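Chemist: Could you slot chain L onto chain S? The hints should help.
There are 2 protein chains.
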Amino acid sequence: MRDCKMGSGKQKSSAKLVVVGSLALDSVETPFEKKRDMLGGSVSYACAAASFFVKTGMVAVAGQDFPARYTDLYRKFGIDCQGLSIIRGRTFRWSGVYEANMIDRRTLSTELNVFASFSPELPESYKSAPFVLLGNIAPGLQAHVLSQVKKPKFVLADTMDLWINTAKKSLMEVISRVNMLTLNDSEARLLTGEYNLRRCAARILDWGPQYVVVKKGEHGAILFSRKGIFIVPAYPVDEVCDPTGAGDSFAGGFMGSLAGASSVTERTVRAALLCGSVVASFNVEDFSLSGLAKISRGDLRKRLSSLKKMTSIE
Amino acid sequence: MRDCKMGSGKQKSSAKLVVVGSLALDSVETPFEKKRDMLGGSVSYACAAASFFVKTGMVAVAGQDFPARYTDLYRKFGIDCQGLSIIRGRTFRWSGVYEANMIDRRTLSTELNVFASFSPELPESYKSAPFVLLGNIAPGLQAHVLSQVKKPKFVLADTMDLWINTAKKSLMEVISRVNMLTLNDSEARLLTGEYNLRRCAARILDWGPQYVVVKKGEHGAILFSRKGIFIVPAYPVDEVCDPTGAGDSFAGGFMGSLAGASSVTERTVRAALLCGSVVASFNVEDFSLSGLAKISRGDLRKRLSSLKKMTSIE
Numbered sequence: 001m002r003d004c005k006m007g008s009g010k011q012k013s014s015a016k017l018v019v020v021g022s023l024a025l026d027s028v029e030t031p032f033e034k035k036r037d038m039l040g041g042s043v044s045y046a047c048a049a050a051s052f053f054v055k056t057g058m059v060a061v062a063g064q065d066f067p068a069r070y071t072d073l074y075r076k077f078g079i080d081c082q083g084l085s086i087i088r089g090r091t092f093r094w095s096g097v098y099e100a101n102m103i104d105r106r107t108l109s110t111e112l113n114v115f116a117s118f119s120p121e122l123p124e125s126y127k128s129a130p131f132v133l134l135g136n137i138a139p140g141l142q143a144h145v146l147s148q149v150k151k152p153k154f155v156l157a158d159t160m161d162l163w164i165n166t167a168k169k170s171l172m173e174v175i176s177r178v179n180m181l182t183l184n185d186s187e188a189r190l191l192t193g194e195y196n197l198r199r200c201a202a203r204i205l206d207w208g209p210q211y212v213v214v215k216k217g218e219h220g221a222i223l224f225s226r227k228g229i230f231i232v233p234a235y236p237v238d239e240v241c242d243p244t245g246a247g248d249s250f251a252g253g254f255m256g257s258l259a260g261a262s263s264v265t266e267r268t269v270r271a272a273l274l275c276g277s278v279v280a281s282f283n284v285e286d287f288s289l290s291g292l293a294k295i296s297r298g299d300l301r302k303r304l305s306s307l308k309k310m311t312s313i314e
Numbered sequence: 001m002r003d004c005k006m007g008s009g010k011q012k013s014s015a016k017l018v019v020v021g022s023l024a025l026d027s028v029e030t031p032f033e034k035k036r037d038m039l040g041g042s043v044s045y046a047c048a049a050a051s052f053f054v055k056t057g058m059v060a061v062a063g064q065d066f067p068a069r070y071t072d073l074y075r076k077f078g079i080d081c082q083g084l085s086i087i088r089g090r091t092f093r094w095s096g097v098y099e100a101n102m103i104d105r106r107t108l109s110t111e112l113n114v115f116a117s118f119s120p121e122l123p124e125s126y127k128s129a130p131f132v133l134l135g136n137i138a139p140g141l142q143a144h145v146l147s148q149v150k151k152p153k154f155v156l157a158d159t160m161d162l163w164i165n166t167a168k169k170s171l172m173e174v175i176s177r178v179n180m181l182t183l184n185d186s187e188a189r190l191l192t193g194e195y196n197l198r199r200c201a202a203r204i205l206d207w208g209p210q211y212v213v214v215k216k217g218e219h220g221a222i223l224f225s226r227k228g229i230f231i232v233p234a235y236p237v238d239e240v241c242d243p244t245g246a247g248d249s250f251a252g253g254f255m256g257s258l259a260g261a262s263s264v265t266e267r268t269v270r271a272a273l274l275c276g277s278v279v280a281s282f283n284v285e286d287f288s289l290s291g292l293a294k295i296s297r298g299d300l301r302k303r304l305s306s307l308k309k310m311t312s313i314e
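Residue numbers (the working numbering), protein chains in the order written: chain S, 1 to 314; chain L, 1 to 314.
The shape of chain S in the complex, shown without the other chains:
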């Protein structure tokens, strides 16, 4: 797997990638099943995805009710949990229901709980991590994490409509300081006021990032940079079980793979995006982290190779 470097996932060395994000207990209803209090949140999906490739450190907060089996699961993935604070109170909870198309979803409830006062503080050993993934949380918190890392080599920020609507000023500040911004197509339109995605991306590139990735769910994603466009295909899975965390596992798989590459170039960024796409495709095949927990690096390699064949005319 030349284009998708994977570490042993169990290195004793300090984290090469630091991920901050939400940690949640998710209750999800699909047209076929209903599940309660599953392990979720952007940080869980992104760290699990990245852990296939490099030593990944998590920055997150959970309440005292956070089940020990979930912390054990993080450790099984080889995630460095030094930055996970377990504090008094209840863990953040989210519940939602997916429409028949398994794409559109409605939030039923959000209980912030301990997440309401989250102030992400990095353990010493994380501060020199060269790769930083700012998962989808308030831009003010993303900025606070950024201010604690010394000279990161590559920073990705993910965002969403909520922050564009409620915290645009601090989001713009974060955007100006990162290497890559990821968001979905409707969010790219909302953020820039443009409709055409090429124009949206051109606008965002003007604000500072070298890369913009517009996520399109089952249709893949598009990378925009000053060097051109890369169309990232989605691996067509046989059955989508639960799309929750698809974007987070895509970002995590991407950052893990990039952090494992020898350098950051247009080529390694493109190759890492394919890895992210493949990791996300496994993620949606089961609930919570189960899709990722049951695969090996060999499974990732195999699917990556199939995906490449699906985009080649040879």
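Worth flagging that the hints you see were computed from the coordinates, not collected in a lab.
A couple of the hints might just be wrong.
[Said to hold, decoys possible] Straight-line distance between alpha carbons at most 35 Å, and here's what the computed DSBU-like set of lysine-lysine pairs gives: (1) 76/S - 153/S; (2) 168/L - 216/S; (3) 227/L - 227/S; (4) 309/L - 216/S; (5) 227/L - 168/L; (6) 216/L - 34/S; (7) 309/S - 308/L; (8) 153/L - 216/L; (9) 216/S - 76/L; (10) 150/L - 302/S; (11) 227/L - 76/L; (12) 169/S - 216/S; (13) 309/S - 216/S; (14) 169/L - 127/L; (15) 216/S - 308/L; (16) 150/L - 168/L; (17) 168/L - 127/L; (18) 216/S - 302/L; (19) 169/S - 151/S; (20) 302/S - 169/L; (21) 227/L - 302/L; (22) 309/S - 216/L.
Computed from a prediction, not measured in an experiment: that's the story for all the values here.
Modeler: Just chain L, lined up with the frame of chain S:
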């Protein structure tokens, strides 16, 4: 342009590709402009697209009000118009309005006129054409065309929800006799009763065709065959002016390119689909056939080469 063979378009020889479909005068309203009685219909778009690659014969009907400048335009494209009947009455008319997203559209009116009694009869010289494109018309008419061609090498049928809902039996009969079926994602779901596109395609492949192409508009298309999946990217254009005819020019560009290839193999089919995608991208950049009328084979080649770079990690 090794993968996208183009003929001179002005050959005296008989048509290598025959296209049947609707011929219409379209009135289109987009959020930005309103145009009346433009040249349209599936046969116009598909023939113009195919004419970049091989001698293409049109089978269609128009009324006495059909403007001579439109027949002249067909000839400028090098289209063989022996199969175009101009009969007493008014030409088929369609009018529709596009939503702000330039994808969803509402039909305002349909006047069948001479198209109501269309019985496509092939000129002698068309009957031995090796490639046949059955554009989106009633499956009974598609079958009637098929019965007139001697031993075609490759037949593509396009269809739509209307025929799935109103003429499923004769559509199934056509499907069993063609090499490739093209339809969009919601139509694939409607036709098969499956939701997942891989399952939809597997079902259709069981009915006879070697290839199914599921069209996804701005997100490209997916080719399914027993040999695997090919993800066909859409070229991201700077501005969509009018999406009418995108699917028809995709099918036409594909069939023209395939008819110009030395043989029909998985590889030439994949390469031809990329050509179709590129032709369609020019088509949506202007109204009616104007997007195609103003480009050269060199423009097609250039954009094909860009599209390939957009899907390669190198």
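Chemist: Enumerate the violated hints, using their earlier numbering and listing them in ascending order.
Modeler: 9, 10, 11 and 20
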